[in-house]
Amino acid sequence: MGFWKRLTEFLFIHRFTDQTKFSHTYSPVQDLSLVDAFDAESIDGACNSPTNRRCWSNGFDIHTDYEEVIPEGKVRKPGENFTYVWRATQYGTSWYHNADGLAGALKINGPTSMDYDVDLGPVLITDNFHKTTFSQVQLEYLGRPPAPDSMLMNGNGRYYCCPSLDKNCKGDSKLTSFHFEPNKTYKMSLVNTAASTHTTFWIDYHDFWVVATDFVPIVPYKTDMINIAIGQRYDIIVNATAVKGKNSRNVNFWMHARDCQNGGARSNLGIIRYDANSKSIPWTPPPKEDNICYGCQDEPSEKLKPIVQRNITQHNDDYIKNSFKVHLVGYPNEFKKDSMMHKWVLANSSFYLDWAEPSLSLVKIASEKGWNNPQFPVGYEPVTLDYANGTWVAFLIEGKFTESIHNSTTKGHRKVYKTQAPVAHPIHVHGHDFVLLDSGNKEFDPKNFTLQLTNPPRRDVVLLPVDGYIIIAFQINNPGVWLMHCHIAFHASGGLALQFIESPRTIGPMFKNSGILPTYSETCANWAAYYTMFNKHNNATQDDSGI
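All residue numbers for the sequence shown refer to the UniProt record's numbering, where the first residue is 1 and numbers rise by one.
Check before you lean on any hint, since a few could be wrong.
Said to hold, decoys possible - Calculated cross-link-like contacts (lysine-lysine; reagent style DSSO-like; alpha-carbon spacing at most 30 Å): (1) K222 - K442; (2) K167 - K279; (3) K77 - K131; (4) K77 - K400; (5) K303 - K369; (6) K77 - K364; (7) K321 - K447; (8) K512 - K369; (9) K170 - K131; (10) K77 - K303; (11) K321 - K442; (12) K131 - K167; (13) K288 - K174; (14) K305 - K288; (15) K279 - K170; (16) K288 - K303; (17) K303 - K321; (18) K336 - K400; (19) K184 - K305; (20) K222 - K305; (21) K303 - K279; (22) K184 - K303; (23) K321 - K400; (24) K222 - K288; (25) K512 - K364; (26) K400 - K447; (27) K174 - K279; (28) K305 - K170.
Just so you know, these hints were derived from the structure itself, not from any lab.
Since this is a predicted model, take the numbers as computed values, not measurements.
Please build the complete structure, drawing on both the sequences and the hints.
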């Protein structure tokens, strides 16, 4: 197909049960740009309520580069709506979400780097928890992160009810299915919307071509299996030419999405049907070794070649010399040597925001008072990027390192756990695509590394390997307050985040000239008043990071 079509689509999955599709048609695109403004109003009847606190932080999280919208940090009291206005300068598939079951796909149509016949749209893969996020987050702090009860594909899945104490349990529900016509080609947009599960995806007896990573079209490459970290998106094109072997009479085939850390986990979540009238369950072939032992790593960098090339000629390496180290500290007392509980750290301390005092407000106050630097409370983890517009800044993030930082319990230092958790972290940056300059599955060696500066992979979520490192970079061109965080929901709740204060001297004047101050101030005041009264009557406390 490979054409420009001016259509923006939403696939809403409310608590992964009811699906509704909306579309908005716009004027034709001029040349190869996607610049028309799009208004998206959040409908908060189910989301923004006293029983679903997670929606209060940032509302829906639309993964794109904001240019004409309040950049992060605006909170609303339950019952209020907020309209995001943003420019669709990129195309591809993304998603919005809270962290307790509400999620949906966001698709902006544009050209594809390979022809196809039919676009099947977004395929959302997620883990499903029967209990709420906030009832389980303490398990993460105890070092026993909760396991999902089942996996879902586009809101459908199955759960084994035996044994079950719930007499209303119905595990034999329908599965997501797609109809293939022989010899046609089908585009799917795979999105991992899980809370804590990186998935390995494959379709029995089918190869496919990978044509996009996140919002970036790439040179197509062929594979039969792919890992999708939490928050990542891959567009694939599947040829309806199943190589069926001994099972030649079969007309139905499993679509698999398995926890990449658990080779024995159930994986058959969807069905490809060559006979639209067939209702039979596909035959399950013997698993290949790769199906079981594919591991939890991103696709090799050399395969992810952006169609539109971007070369990095010069970059600032301040944050390679002073890297961000993923580690654990005691909780609630980070000075306690043998704490039974822990929280995560990415920069200097575990991330913690006061929802009544958004970071953007502190930047605004500093601008109004003529201060050189905003005054941030402990836990806000600001990283000021006061560089010239257009500068590329590189960041080293380490998952394994020789313990030499903050290993004293004296005042001013925190305990770094001697055994760092062997976890692959999906690192997501708001406000930017970034380039992946280097990565490794071992401890970073400052004397022995090479940066890929010629057309490196671009995306907005990258997997920090277990016991490894990544070096990413983005260009200073989008003033605002932008999060960088782990996309494992329980790690984000546990403080594995920081925020970039990009071009701080530019934010204040932009804020003032935007005309949004009255609405912004009113919204913040409404939230503060609500929280004060809620806390007064319910003795509520914020025990997670606020993101």
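| Which hints, by number, does the structure contradict? | 4, 5, 10, 21 and 28
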